[in-house]
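Q: Each chain is listed here by its residues.
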Amino acid sequence: MTTLRALMQPHRIVMLLLLVAVVIWCAVTLRWDWIPEYAPLALEGLWRTIWIMVVTCILGFALAVPLGLAQAVGPWYLAAPARAFCTIIRGTPLLLQIWLLYYGLGSLFPQIPWIRGSELWPYLRQAWPYAVLALTLSYAGYEGEVMRGAFSSVNKGQLEAANAFGMPRLTMFRRIWLPQAIRNVLPTLGGETILQLKATPLVATITVVELYAVSSRVRSDTFIVYEPLILLAVFYMIIAGIIALAFKRLEDRVPG
Amino acid sequence: MDFLFETFGLAESAKLLSLSPPGWGGNLLRGLANSLQIAFGAFGFGLLIGLFGAYGKLYGGVVLRDLLAVYTTVIRAVPELVLILILYYVGTDLINQVAQAMGYGRVEISGVVAGIWVLGVVQGAYATEVLRGAIQAIPSGQIEAARAYGMPPFLLMRRVTIPAMMSFATPGLANLWLIATKDTALLAIVGFSELTLETRQAAASTRAYFTFFLAAGALYLLVTLFSGVVFGRIEKWARRGQPSLRGGSR
Amino acid sequence: MTLKKLLAAAIATATMSAAAVSAEEVKIGIAAEPYPPFASLNAAGEWEGWEVEIINAVCAAAELDCVITPVAWDGIIPSLTGQQIDAIMASMSITEERQKTIDFSDPYYNTPAVIVADKSMDIEPTPESLAGKIIGIQASTIHQAYANAHFGDADEIRVYQTQDEANQDLVAGRIDATQADSIAMADFVNSDNGTCCEIKGAVENDEAILGKGVGAGVRKGDDALRESLNKGIAKILEDGTHEEITSRYFDTSIYAE
Numbered sequence: 001m002t003t004l005r006a007l008m009q010p011h012r013i014v015m016l017l018l019l020v021a022v023v024i025w026c027a028v029t030l031r032w033d034w035i036p037e038y039a040p041l042a043l044e045g046l047w048r049t050i051w052i053m054v055v056t057c058i059l060g061f062a063l064a065v066p067l068g069l070a071q072a073v074g075p076w077y078l079a080a081p082a083r084a085f086c087t088i089i090r091g092t093p094l095l096l097q098i099w100l101l102y103y104g105l106g107s108l109f110p111q112i113p114w115i116r117g118s119e120l121w122p123y124l125r126q127a128w129p130y131a132v133l134a135l136t137l138s139y140a141g142y143e144g145e146v147m148r149g150a151f152s153s154v155n156k157g158q159l160e161a162a163n164a165f166g167m168p169r170l171t172m173f174r175r176i177w178l179p180q181a182i183r184n185v186l187p188t189l190g191g192e193t194i195l196q197l198k199a200t201p202l203v204a205t206i207t208v209v210e211l212y213a214v215s216s217r218v219r220s221d222t223f224i225v226y227e228p229l230i231l232l233a234v235f236y237m238i239i240a241g242i243i244a245l246a247f248k249r250l251e252d253r254v255p256g
Numbered sequence: 001m002d003f004l005f006e007t008f009g010l011a012e013s014a015k016l017l018s019l020s021p022p023g024w025g026g027n028l029l030r031g032l033a034n035s036l037q038i039a040f041g042a043f044g045f046g047l048l049i050g051l052f053g054a055y056g057k058l059y060g061g062v063v064l065r066d067l068l069a070v071y072t073t074v075i076r077a078v079p080e081l082v083l084i085l086i087l088y089y090v091g092t093d094l095i096n097q098v099a100q101a102m103g104y105g106r107v108e109i110s111g112v113v114a115g116i117w118v119l120g121v122v123q124g125a126y127a128t129e130v131l132r133g134a135i136q137a138i139p140s141g142q143i144e145a146a147r148a149y150g151m152p153p154f155l156l157m158r159r160v161t162i163p164a165m166m167s168f169a170t171p172g173l174a175n176l177w178l179i180a181t182k183d184t185a186l187l188a189i190v191g192f193s194e195l196t197l198e199t200r201q202a203a204a205s206t207r208a209y210f211t212f213f214l215a216a217g218a219l220y221l222l223v224t225l226f227s228g229v230v231f232g233r234i235e236k237w238a239r240r241g242q243p244s245l246r247g248g249s250r
Numbered sequence: 001m002t003l004k005k006l007l008a009a010a011i012a013t014a015t016m017s018a019a020a021v022s023a024e025e026v027k028i029g030i031a032a033e034p035y036p037p038f039a040s041l042n043a044a045g046e047w048e049g050w051e052v053e054i055i056n057a058v059c060a061a062a063e064l065d066c067v068i069t070p071v072a073w074d075g076i077i078p079s080l081t082g083q084q085i086d087a088i089m090a091s092m093s094i095t096e097e098r099q100k101t102i103d104f105s106d107p108y109y110n111t112p113a114v115i116v117a118d119k120s121m122d123i124e125p126t127p128e129s130l131a132g133k134i135i136g137i138q139a140s141t142i143h144q145a146y147a148n149a150h151f152g153d154a155d156e157i158r159v160y161q162t163q164d165e166a167n168q169d170l171v172a173g174r175i176d177a178t179q180a181d182s183i184a185m186a187d188f189v190n191s192d193n194g195t196c197c198e199i200k201g202a203v204e205n206d207e208a209i210l211g212k213g214v215g216a217g218v219r220k221g222d223d224a225l226r227e228s229l230n231k232g233i234a235k236i237l238e239d240g241t242h243e244e245i246t247s248r249y250f251d252t253s254i255y256a257e
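Protein chains in written order, with UniProt numbering: chain A, 1 to 256; chain B, 1 to 250; chain C, 1 to 257.
Chain A on its own, in the form it takes in the complex:
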C-alpha cells in the first residue's frame, strides 16, 4: 500500500494528529445539539442537492454535444447562435441567471391570465423546475465550449478513413467521433461536475430546499453561526471527493 506508506511520514502523522485534535475540540466545545432535530431535513436536502446535480449534469451534457458540434463544424447559422449562447451563459453570473428565470418569468405571469389554468401550472408554481432549467443551461454553456474543443481535436485521419470505407455519417459520429471527443474531455468533465455541485447552493435563493437551505434554516432557527456552515462544508467536500474518485475510476476504465 503506497498510499498508507505516504501517510506514515513523520510530519504527516503529526498533521493527522493535529487534525484529530481539532476535530475533537470542535466536537466537544462547539454546539451540535441541534443535529438530531434537523437530521431528517438535512437528509432530504442532501438528496435534493445530489438529485439536482446529477439531473442537470446529464441534461446539460446532452445539450452540450449539439452545441459543441454546431460550433466546431456547423454552418454559420447554427454556429453563431451556439457561440452566442455559450458566451452569454459564461459571461454572466449564474445567480443572476437563476433570478432572471425565476423572478423575471414570475413577474410576467399576472399578465397571462390563462397560464393558471394550463396543464403546466403545477410545475410553473414550483421552484425546482426553474432551478433545473437554470443549472442545465449553465452546464450546457460551459460544456458546449469544452465539447467544441473536443470535437475539433479528434484526429481528422480517422474520420477520413471512416468516410473512405463508406461508413454512414451517423454511425461515424456515434462510433468514432463522439467516443473520442468524450474520452478527450473526461479529465475536465470531473472538474466541471464538481463546479456544478458547487453551483447548487445558489438555487436555495429561489426557495428550493437543498443542503445549503437546510443549513440556513438551522442558522436562522438557532442563531448558531459557524457549526452548520462547517458541517455543510464537510458534506460538500465528501461529495466532491466521491465525484473525483468516480471520474478517476471512469478514466482508468476507458482505454487510452
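Hints were generated in silico from the structure; no laboratory data involved.
Over 10 Å on every C-beta distance to chain C, these chain A residues come out as not near it, computed from the model: (1) 72; (2) 168; (3) 186; (4) 188; (5) 252.
Below, a list of computed lysine to aspartate or glutamate pairs in the DMTMM-like style, where the Cα atoms sit at most 25 Å apart: (6) 133(C) - 44(A); (7) 212(C) - 222(C); (8) 212(C) - 96(C); (9) 15(B) - 48(C); (10) 100(C) - 37(A); (11) 212(C) - 244(C); (12) 220(C) - 221(A); (13) 27(C) - 63(C); (14) 248(A) - 129(B); (15) 220(C) - 93(B); (16) 15(B) - 192(C); (17) 248(A) - 66(B); (18) 231(C) - 103(C); (19) 15(B) - 46(C); (20) 231(C) - 25(C); (21) 133(C) - 119(A); (22) 133(C) - 221(A).
Every residue gets a Cβ at the ideal spot worked out from N, C-alpha and C, and that includes glycine.
Once you have looked at the hints, place chains B and C on chain A.
A: Frame of chain A; chains B and C shown alone:
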C-alpha cells in the same frame, strides 16, 4: 432612436434605466464600480497568494507542501457561497478579537475589504494551481542556467521565472479574472451592495424584474467581452517571439 | 510588467484595509433588502422610509453619531455578535428566542401579523383554512417561526430571503398566502403591484413567538448603548417626533403599549 423605443415598448425601460434619479441606471453603475473594485482587488490578492502558493508547492518543504495541498483541495471542493459566508463571519470576527486582544479596540472592516479578502482567498487556491502549472512549463534549463550564474532567488523570480511563465499562465489567469467578476455577485447574499444586489433592489422597487436583470446581465457581459479583448492583447504580448500554440495537438 | 502592476494594486488594497473607528460612531444595521414602507433604497441611492427616519430621530435624541449600515437580513444577528454592526433597527420583533442571543431596547412599534392572499381566494387567517395551501414567509422572521408552529397542515411553507420576494410570488400565483407584518402588507396591497390581493385578517396572537413589539437589538451586555437607545426612543415618543413621522406615513398609530 425615440421612435425605436416607442415601437418596441421600450420607452418605459429606457426611463427606468436612465442615469439620473427617477431612473436607476446610476445605482446599477455604482454597483458595477463596486463589483469591479472587488474583482480587481480579489484578483490581485489571489495572484499574490497564488505566487507564494506556487513557489511553496514547487520548492517548499514537505510540511508547507502538504498544508498548501490541503488549502487548494478544500477551497476547490466547497461551494464559493459557503466559503464566503464562513470567511466573511470568521474573518471579521477573528480580526476584531485579535485587535481587541492587542488593545486596539474595534477595527472597522469595510464591505469592499471583506469582499476582497473573501474572494481573494478563494481565487488564491485556483491561482496557485494555474501559476504552479505555468512555472513547471518553463524549460528547466532556463532556471538552472540562472542559478548556475549565481542569480539571487528574488532576482531570478523577477527576471526569469515570472516573464517566462507569463505566456503559459495568461489563459488560466484570464479565466480566473472572469470567475472573479462573476463571483462578486455572490456577495449579494451577504448584503454587499454590488451590481447584483443593486439590481435586485431596483427590480424590487420598480417591479421591472425583467428589465433590470437583463440590463445587469448586459453589463456583466460587456465586462466579460472587454476583458476577453484585453487578455487577448496580453497573451499576444506575453507570447511575443514564441511559435503559435494555437491549433496545436492535444 | 502587468503582473507587477497587479501585485502593486493588491498590496495597496491590502494595506489600506483597516482603520480604527472613533469610539462614538454607532453602526445601525438595517436589512440590505428593500422592506417598504419601513426602509428601502431609492433611485438616488439613499435609504428612506419610516424606520430610517425613526433611526435618525432616535439617534438625534440620544445624541449618538449613527451610521446606517445595510446587512443581509438572514445574517443580521451574526453581524451584530460579530461586531460588524452595533445595533439592529430593522423591524426586528423582541422574542424570547432572540433574547437568548441578543438584548433589546424598549419597543418603538408594535403591529399585528396578518395573512394576505388573492382576493378571489376564500382564506381565513386560521390553521384550518390554510391547511393544504402553500404559504410563503420570509426567512429568520417571527412569521417563519409562527408558520412552523401553527400551520403544520399547510401543503408547503416556502421560505424566502425577503418579504418582497414572497409578495412577488403571491402576485405570480406561485403561493396561496403569505404571513407578514400588517403595515408592510397594507402598503403592499395598496400598491399597483398588490391589487390582486387583500389582507385576510390578523393571525391569533402567540406572544411567545410573535414577541412584544419591535425594538433595537444590541449585543448582550452592551447596556450603555441599550440605555441611550431607550432614552432616545422615550424622548421621541414623548416630544411627538414619533407621532409626527408616523403621521406622514400611516393613517393610524403603530405604537401600542
